[in-house]
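Trainee: Residue numbers (numbering that gives the first Met the number 0), protein chains in the order written: chain A, 0 to 294; chain B, 0 to 385; chain C, 0 to 84.
Pairwise CB distance ranges, derived in the manner of DEER restraints:
no. : chain 1 : residue 1 : chain 2 : residue 2 : range
1   : C       : A1        : A       : N182      : 42 to 52 Å
2   : C       : V27       : A       : D195      : 43 to 53 Å
3   : C       : C36       : A       : D195      : 27 to 37 Å
Hints were generated in silico from the structure; no laboratory data involved.
Note that the coordinates shown come from a computational prediction; the quantities given were computed from them, not determined experimentally.
All C-beta atoms in this analysis are idealised placements derived from N, C-alpha and C, irrespective of residue type, glycine included.
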Amino acid sequence: MADRTLELVDSGHRACGGCGPAFAARLILKGAGERSIVCASTGCMEVFSTPYPQTAWKVPWIHSLFQNTAAVASGVEAALKRQGRDEHVLCICGDGATFDIGILCISGAFERGHNITYICYDNEAYMNTGIQRSGATPFDASTTTSPAGKKSFGNSRPKKDMPQILAAHGAPYVATCSIAYPNDVIKKVERAVNTDGPCYIQIHTPCCTGWGFDGSKTIDLGKLAIETGLWVNYEIVNGKIEKAKKVKRKPVEEYLRVQKRFAHLFKPSVNTEEIAKIQAIADANAEKFGIDLKI
Amino acid sequence: MKAILEGSHAVAEAVRLVKPEVISAYPITPQTHIVERLAEMVADGVLESEYICVDSEFSALSACLGASAAGSRVYSATSSQGLLFMAEVVFNVAGMRQPIVMSIANRAVSAPLSIWNDQQDSLCLRDSGWIQLYAEDVQETFDLHLLAYKVAEDHRILLPVFVCFDGFIISHTYEPVDIPEEKDVLAYLPPYVPFNKLDADDPLSMGMYATPEYYMEFRYEIDQAMGRALNVIKQAGKEFKEKFGRDYSELVEAYRLDDAEVAIVAMGSVCGTIKDAIDAMRAEGRKVGLLKIRAFRPFPAEDIKKALAGIRKVGVFEKNVSIGSRMKGAVGYEIKDALSDSSVQVISYVAGLGGRDIRIEDIKKMTDAIEAGNGDCFFGLREELI
Amino acid sequence: MALRIGCAAAPGQARENKTGSWRVFRPVFDHDKCTSCGMCQLVCPEGCILTGDKQFNPDYDFCKGCGLCAQECPAKAITMETEEK
Chain A
0 MADRTLELVD
10 SGHRACGGCG
20 PAFAARLILK
30 GAGERSIVCA
40 STGCMEVFST
50 PYPQTAWKVP
60 WIHSLFQNTA
70 AVASGVEAAL
80 KRQGRDEHVL
90 CICGDGATFD
100 IGILCISGAF
110 ERGHNITYIC
120 YDNEAYMNTG
130 IQRSGATPFD
140 ASTTTSPAGK
150 KSFGNSRPKK
160 DMPQILAAHG
170 APYVATCSIA
180 YPNDVIKKVE
190 RAVNTDGPCY
200 IQIHTPCCTG
210 WGFDGSKTID
220 LGKLAIETGL
230 WVNYEIVNGK
240 IEKAKKVKRK
250 PVEEYLRVQK
260 RFAHLFKPSV
270 NTEEIAKIQA
280 IADANAEKFG
290 IDLKI
Chain B
0 MKAILEGSHA
10 VAEAVRLVKP
20 EVISAYPITP
30 QTHIVERLAE
40 MVADGVLESE
50 YICVDSEFSA
60 LSACLGASAA
70 GSRVYSATSS
80 QGLLFMAEVV
90 FNVAGMRQPI
100 VMSIANRAVS
110 APLSIWNDQQ
120 DSLCLRDSGW
130 IQLYAEDVQE
140 TFDLHLLAYK
150 VAEDHRILLP
160 VFVCFDGFII
170 SHTYEPVDIP
180 EEKDVLAYLP
190 PYVPFNKLDA
200 DDPLSMGMYA
210 TPEYYMEFRY
220 EIDQAMGRAL
230 NVIKQAGKEF
240 KEKFGRDYSE
250 LVEAYRLDDA
260 EVAIVAMGSV
270 CGTIKDAIDA
280 MRAEGRKVGL
290 LKIRAFRPFP
300 AEDIKKALAG
310 IRKVGVFEKN
320 VSIGSRMKGA
330 VGYEIKDALS
340 DSSVQVISYV
350 AGLGGRDIRI
360 EDIKKMTDAI
370 EAGNGDCFFG
380 LREELI
Chain C
0 MALRIGCAAA
10 PGQARENKTG
20 SWRVFRPVFD
30 HDKCTSCGMC
40 QLVCPEGCIL
50 TGDKQFNPDY
60 DFCKGCGLCA
70 QECPAKAITM
80 ETEEK
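Just need the whole structure built from these sequences, with the hints factored in.
Mentor: What follows is the structure, encoded as structure tokens:
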């Protein structure tokens, strides 16, 4: 088991105050431990942690491009194998790098069965470039490329189901988690790095700047996403969904209302029709994963 | 050991002797015979490498980058569309100073789609920071692979290398090849010693981003290393001659240039045809010679200047086109620049694109055009189609 | 200082960047209320809450004043006060 007291991401990084991904980075390495090699994609985390020469990473770390992280990790893993080395190979990438531009390399790496753990910190848009829509952006979220307007309620498509896509590649372990439950993140990362084969972990990392809320509320937001059923923490072990976190569900409005990206749904009056569509997404999640606590 | 080998299989033999720990490539005509043969060698245990069958050329070079960063010697091969698809990684690898060697079976670029040879693919990555070597025949193709690793991995250099050879014309042609003994190759090319390495026992962040305070100096350092490569390639070539007998101690090769008035400058397999044409023209009393360029990056401007001193007219055989440029070909400009303080006339001929055959007669006609001073044009067009 | 080839750097250098200067609000810890549960240390995105003598204290060199620790402290032992410049 990795030593959880180790801080493997240094202070002095340039993330926003209250940054969900910065918190996630610490948790990931608490789970993976100091014998890890991190392959990073271009994105917020890469930028806030590695302006030359001020790296925040205490473990070996490499960044090549935006969309090739899984392929770089494939090469690292192959080299370690040939050299008889034992480090864990991790990818830590944002949702744009994962859901969109990097999916070719990820699909290839998972199909080939490399012994890597691919971790997506999901803040649901391209935050580094200024909050543009990605395939992970939720329905009706307003971003700079899916703005709400007179003829738009924001992003018109639901979030892509990456965990299922990677489970369908035969990944032995796939899990979702949230920085709102830090020990769960640590445990799932630890399990993934100790599972042979390509594993995928998707961490919900609320972004105060991109979503529009106060940085002190990052964990509250993560909890609300889970308590409304809009984010579900679960595991897929050898293709079977397991251990979805059960909740006493709250109406989605409680989650939406506190974020600027959904503010258009409440102005000038509450848009019950659109909110009902989002509620239906939460209801479908609850049904699919069986997360409703029976009272 | 002498063997009759197809060009691609000769490359595979060179790779076997170099013993990369990781090979990653994606099949593309006309590179396929190389990667197929390497896969066979791995399957038979003749070559103990991790062979990553990737999803794309983009992943192929990315995986090589990761493996190289983790401290392994690596190998890849591609052509044409594959090289363009990995172009973003090509620049990145050079910037990250990973000494990767990649074979380029030169092929034309789409559109129109063409699987046949020219040198557009590698030449359009001229500014990427990769060393570019061009081979004339199968033996030279084999040899340059060994030399390429020696130069790339030299800690004074740490730059990746394209070993370029013409698709089909070399990759699919059988020629006799002298294959050295494993122990001699090992003596020439010792095991890889990485400069920077991903290692949990000695952590390092690699590929960080550079603010405006640092970026230019990093790019300057790459250019400096490329400049140093001029001599390091020559040293490696000299050592190669001492070990294996074949001479690569110069970056350019003169053929019957001594008393020539007209010179053709070319790279790659067409040099063989040009030599035959020169022999024929010499027999007719024409004072013509060839300057073959082996290293296009770094560009041996001083060597070219020296080799072409006293020549009146120079024609550059271009298997590429820089569309929209005045001279039409990309190499001509560099030759012109190398000769800029002389009165020699330099003209370019875009020829042999997309596999168009070049015969001795064509070279004679080109020589007529050089002598007449007509150039900076496409050469050998089918007038009836225009 | 010469550049390290490949834009590479050894660990420890982020600490030269003292992000404490960003702070608008300052977390003030009430050690009498503190139950030493460690939640503040766990949730800090900067990883800058230090332990010593069974006391938790932020490293003000790096604390950006985001207030997550105060928000999450189960004992309400942390209050955010306006930073005096």
